[in-house]
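Trainee: The residues making up each chain are set out below.
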Amino acid sequence: MSAGTLYDKVWELHRVAELPGGATQLFIGLHLIHEVTSPQAFSALRDLGLGVRHPERTVATVDHIVPTTSQARPFADPLAEEMLATLERNCAEHGITLHGLGSGRQGIVHVIAPELGLTQPGMTVACGDSHTSTHGAFGAIAFGIGTSQVRDVLASQSLAMNKLKVRRIRVEGALQSGVAAKDLILHIIRMLGVKAGVGYAYEFAGGTIEALSMEERMTLCNMAIEGGARCGYVNPDATTFAYLQGRPQAPVGEAWARAVDWWRSLASGAEAVFDDEVVFDAALIAPTVTWGITPAQGIGVNEMVPTAAQLEPDERPIAEEAYRYMDLVPGAPIAGVPVDVCFIGSCTNGRLSDLRAAAAVAKGRQVAPGIKAFVVPGSEQVAAAAEAEGLDAVFRAAGFEWREPGCSMCLAMNPDRLEGRQISASSSNRNFKGRQGSASGRTLLMSPAMVAAAAVCGHVTDVRDLLPATAAASPSPASSSR
Amino acid sequence: MSSPVQPGAASPAPFPSGPIPSCRGRAVAVVGDDIDTDRIIPARFLKCVSFEALAAGAFADDRRELQGDHPFDRPQHQGAAILLVNRNFGCGSSREHAPQALMRWGIRALIGESFSEIFFGNCLVMGIPCLTASHADALALQQAISTDPAAEVVLELEALEVRLLGSAESPGERRWSLSLAQGPHRMLVSGQWDGTSQLVAHDEALRRTASRLPYLSEFGAGSS
Chain A
125 MSAGTLYDKV WELHRVAELP GGATQLFIGL HLIHEVTSPQ AFSALRDLGL GVRHPERTVA
185 TVDHIVPTTS QARPFADPLA EEMLATLERN CAEHGITLHG LGSGRQGIVH VIAPELGLTQ
245 PGMTVACGDS HTSTHGAFGA IAFGIGTSQV RDVLASQSLA MNKLKVRRIR VEGALQSGVA
305 AKDLILHIIR MLGVKAGVGY AYEFAGGTIE ALSMEERMTL CNMAIEGGAR CGYVNPDATT
365 FAYLQGRPQA PVGEAWARAV DWWRSLASGA EAVFDDEVVF DAALIAPTVT WGITPAQGIG
425 VNEMVPTAAQ LEPDERPIAE EAYRYMDLVP GAPIAGVPVD VCFIGSCTNG RLSDLRAAAA
485 VAKGRQVAPG IKAFVVPGSE QVAAAAEAEG LDAVFRAAGF EWREPGCSMC LAMNPDRLEG
545 RQISASSSNR NFKGRQGSAS GRTLLMSPAM VAAAAVCGHV TDVRDLLPAT AAASPSPASS
605 SR
Chain B
923 MSSPVQPGAA SPAPFPSGPI PSCRGRAVAV VGDDIDTDRI IPARFLKCVS FEALAAGAFA
983 DDRRELQGDH PFDRPQHQGA AILLVNRNFG CGSSREHAPQ ALMRWGIRAL IGESFSEIFF
1043 GNCLVMGIPC LTASHADALA LQQAISTDPA AEVVLELEAL EVRLLGSAES PGERRWSLSL
1103 AQGPHRMLVS GQWDGTSQLV AHDEALRRTA SRLPYLSEFG AGSS
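First to last, the protein sequences are chains A and B.
Each residue of the first sequence is one higher than the one before, starting from 125 at the first, in the numbering used here.
Each residue of the second sequence is one higher than the one before, starting from 923 at the first, in the numbering used here.
Please note that a few of the clues may not be correct.
Every beta carbon over 12 angstroms from chain A, so not counted as near; a handful from chain B, in silico [to be verified]:
#, residue
1, R946
2, D991
3, D995
4, G1001
5, E1080
6, E1095
7, R1097
Under the rule of at most 20 angstroms between Cα atoms (straight-line distance), these lysine to aspartate or glutamate pairs were calculated in the EDC-like manner [claimed, not checked]:
#, chain 1, residue 1, chain 2, residue 2
8, A, K319, B, E1035
9, A, K496, A, E543
10, A, K287, A, D400
11, A, K133, A, E401
12, B, K969, A, E212
13, B, K969, A, E206
14, A, K287, A, E401
15, A, K319, A, D399
16, B, K969, A, E205
17, A, K287, B, D1116
DEER-style ranges, computed between Cβ atoms [to be verified]:
#, chain 1, residue 1, chain 2, residue 2, range
18, A, E205, B, L1087, 46 to 52 angstroms
19, A, A335, B, L988, 46 to 52 angstroms
20, A, A563, B, G1001, 22 to 28 angstroms
21, A, A127, B, E1083, 33 to 39 angstroms
22, A, G331, B, V953, 42 to 48 angstroms
23, A, S194, B, R996, 41 to 47 angstroms
24, A, A563, B, P936, 31 to 37 angstroms
Source of the hints: derived by calculation from the structure; they are not laboratory data.
All of these numbers come straight from a predicted model, not from anything done at the bench.
Cβ atoms here follow ideal geometry from the backbone N, Cα and C, with glycine treated the same way.
Given the sequences, and given the hints that come with them, work out the whole structure.
Mentor: Shown next as structure tokens:
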């Protein structure tokens, strides 16, 4: 059983009571809501005659259903309009802050909470969205919940939870130039599989992780859930504090110093005990691309789609399903596979450093003929920062569309979607069948720079071939951003 | 949880309430590992402010692809109450719409090799047990249902076993043991799976916990 880890410390601090059924009642420090998974929770609250216990600990935004071309109200889609109107009504009725369209603070919920300094080390963070694991980048224990649990947090600022085991994923060594945090997490999931994390929290540690920027750590923790782990986290350190300082909701003055002391004390100590540990060598990781229908079906860009014989027997049935669905040939290279659509954005890779990395590839090049390529900033703040440094102009000049913030084509709850058998190069997080809005649409997951490379070449391409040869000597765009 | 079953829904069984000692009915198998919640209910069905009409969305794209041959469309499985699955069922998105769609289609319990954590938790809070069987037992159970889809299945939650009652075609009863973590087991059997009232009842303890959290008591947002 784990002991002395950040997870253990935060769990202990937030314990409210032991429940008759055997679960622990856990206090939730930050509750984030959006338009998709909250309306039924508010309805249930009304049915039970309950109010919102701590409206100041819940923060709302709208992201899944917003169009990314025109965000004028009312939306063309009446269902989308009804969902946002319902959220607005619920927030107004219960005194919950809503960062709405045009507020300057709207965006994907997992992009805006860190941006605003809402997410802080040592908090428990819950949201009706599985990618809530993103907030673990700050040394928070953050996890996705369902709508009935959203109701419970609204009613009681707490949840009935069972404690997880803790697996430390230690990564050592330097990532190669052109290899991003996205490649790192796709590689980890490839090696451990999509089920290995069930029942575990993942602690990401080691020299490679410590060298990552906050935005890279967010990409990493975001996809812990794709490896089955409901939450993933990184111990807070100087990088975390530097990111937080000066953000709207961060402590200031003398309180800042006290906060930093407390945050430091939460990190897993040298004496910490883990239920399990795995170790990776960062230097061995290549730009990684998925070829199948689960995020674990990934390979280095210069590898071949594995044949059934190369896979473990229990992986073969889903591989066979993937060959049929994706129409990719086992044993053939993934590089050179033509794409139709290139999507840069999402809670995984829609932050400023992601857009910089993609723009560095797009700059001075042109989107290949016949390819639809578009960039969706993760938030209004990301959009403004990117525009201030001219990234929108770089993308437009290269033939990319520059859109308004939202979840966009990650999940097809808005007008952005694949058509028919289209195949996308996507910086999002899920390559499930039908995920991007067409029941037969196909998704190749990769880093934003790799998506940009696919866009300008028209097919899956090793981004390292497009980067200047001197790139190895300079910091990656991602690690230099703050 | 108490809204009436939708007109046209396959099962007349009421939604779960109170203690769940057992579950009885026919079974339907949806075979395969890593069946994610986007497949259980595609995202376009999430554009709603109520769960009521979700039954039609259950496995919608898979059903369309199979043109009537999906287990949820086969006549012999209409009205089934127990869903048999394999490994990592319900992975991916946290959408409660997935178990809500299954429940509104008629499912009252699942038996599988393993479940994603969020899906399991969503089912638990709805009073839908997700029980685990060994690989061999899960396959045997699926095989038995494929041979005799009309067989009556009795899931004894207290005893953690599933019985397949004999029929004219296959006389003799067969049984398999199941597993379920102690906490959820106790919650379902005792009827304490819908815990909002318990959580709300501990308000004094909640205040004490909040008062010892430095980010609330010492350096709250923007404070100095």
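Trainee: All hints are to be evaluated individually against the structure, with a verdict given for each.
Mentor: Structure-based check of all given hints:
1. R946: Given a closest Cβ separation of 23 angstroms, the condition holds.
2. D991: About 16 angstroms separates D991/B from the closest Cβ of chain A, which puts it past 12 angstroms; holds.
3. D995: 15 angstroms, holds
4. G1001: About 26 angstroms separates G1001/B from the closest Cβ of chain A, which puts it past 12 angstroms; holds.
5. E1080: 15 angstroms, holds
6. E1095: 31 angstroms, holds
7. R1097: For R1097/B, whose nearest Cβ neighbour in chain A is about 26 angstroms away, the distance exceeds 12 angstroms, so it holds.
8. K319/A - E1035/B: Holds. K319/A to E1035/B sits at ~12 angstroms (cutoff 20 angstroms).
9. K496/A - E543/A: Status holds; Cα separation ~12 angstroms.
10. K287/A - D400/A: 15 angstroms, holds
11. K133/A - E401/A: Cα-Cα ~19 angstroms, so holds.
12. K969/B - E212/A: OK: K969/B and E212/A at ~16 angstroms, within 20 angstroms.
13. K969/B - E206/A: 9 angstroms, holds
14. K287/A - E401/A: 18 angstroms, holds
15. K319/A - D399/A: Within the cut-off at roughly 16 angstroms; holds.
16. K969/B - E205/A: 10 angstroms, holds
17. K287/A - D1116/B: 19 angstroms, holds
18. E205/A - L1087/B: 46 to 52 angstroms: Once the Cβ atoms are compared, 51 angstroms apart, the range 46 to 52 angstroms for L1087/B and E205/A holds.
19. A335/A - L988/B: 46 to 52 angstroms: Holds - the Cβ-Cβ distance for A335/A and L988/B, about 48 angstroms, lies within 46 to 52 angstroms.
20. A563/A - G1001/B: 22 to 28 angstroms: Holds, at about 26 angstroms.
21. A127/A - E1083/B: 33 to 39 angstroms: Since the Cβ atoms of A127/A and E1083/B sit about 36 angstroms apart, the hinted range of 33 to 39 angstroms holds.
22. G331/A - V953/B: 42 to 48 angstroms: 44 angstroms Cβ-Cβ, so the 42 to 48 angstroms window holds.
23. S194/A - R996/B: 41 to 47 angstroms: At roughly 44 angstroms between Cβ atoms, R996/B and S194/A fall inside 41 to 47 angstroms, so the hint holds.
24. A563/A - P936/B: 31 to 37 angstroms: Check passed, 33 angstroms falls within 31 to 37 angstroms.
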